[in-house]
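Please model the entire structure based on the sequences and the hints provided.
Numbering follows the numbering used here, with no gaps: position 171 of the sequence shown is 171.
Rather than coming from a laboratory, the hints here were simulated on the basis of the structure.
Restraint ranges, calculated between C-beta atoms of paired labels, are given here: (1) Arg13 with Pro129: 34 to 40 Å; (2) Leu17 with Leu99: 33 to 39 Å; (3) Asn132 with Arg64: 28 to 34 Å; (4) Lys134 with Gln107: 18 to 24 Å; (5) Gln14 with Leu99: 40 to 46 Å; (6) Leu35 with Arg13: 18 to 24 Å; (7) Glu20 with Val98: 30 to 36 Å; (8) Asn132 with Lys65: 25 to 31 Å; (9) Val8 with Lys67: 19 to 25 Å; (10) Glu16 with Gln107: 32 to 38 Å.
20 Å max Cα-Cα, derived SDA-like pairs, lysine to any residue: (11) Lys65 with Ser138; (12) Lys2 with Asn19; (13) Lys134 with Gln107.
These numbers come from a predicted model, not from an experiment. Beta carbons: idealized from backbone N, C-alpha and C, even for Gly.
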Amino acid sequence: MKAVLSNVNLINRQDELANEFYSHIDDLMEHPLVLKMDDYSQHLNTSRLQHSLNVAYYSFLFARKLKLNVRDAVRGALLHDLFLYEWRTEQPVEGNHVLVHPIQALQNARKVTEVTWVMEDVIASHMWPVGNVKPKTSEGWLIQMMDKLCAVMEIGVQSSKKVERYNFAPILLGLLFYIN
1 MKAVLSNVNL INRQDELANE FYSHIDDLME HPLVLKMDDY SQHLNTSRLQ
51 HSLNVAYYSF LFARKLKLNV RDAVRGALLH DLFLYEWRTE QPVEGNHVLV
101 HPIQALQNAR KVTEVTWVME DVIASHMWPV GNVKPKTSEG WLIQMMDKLC
151 AVMEIGVQSS KKVERYNFAP ILLGLLFYIN
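This is how it looks when you write it as structure tokens:
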């Protein structure tokens with residue numbers, strides 16, 4: 001279990017960074033609704049659970065560096081796409097998917113755990129600026145950016161057999177240099 005373009009095994013209890021990351025979400029990673037996200041595709045061959053882990057991990061790194069509310073950022077990031085339908089073929093709630101899936105994710109997140117005000121902002125605003133809810137917290141701004149960055153990385157890695165880690169140097173290495 002690794003984040004896209006990362007060498008860190010996220011469930012390695014011997015790795016201090018992985019252990020700290022996982023400590024924020026270990027209860028969520030045992031919940032059946034959260035695990036069900038693995039049954040749905042998000043970006044090409046990336047499952048919705050893997051995408052959410054990617055967003056949570058990179059949000060964790062930045063939230064630590066920026067001294068934000070790490071726990072709420074990571075938990076909100078993991079739950080930001082907790083809607084359990086195949087959005088390309090199903091639309092159980094009327095309306096534009098971009099606008100309704102954050103509402104569905106927030107409703108499901110409340111079934112899984114206590115949702116703080118920061119987590120609510122993260123989940124509700126993660127589609128900004130495409131969605132209509134603008135982030136109100138620094139954590140919300142962070143997760144909406146990490147969501148898009150991870151989507152680009154996931155699609156980029158899968159869409160070209162020639163893509164290698166250093167192809168993302170202008171974006172990812174600059175960001176990782178900042179947070180390390």
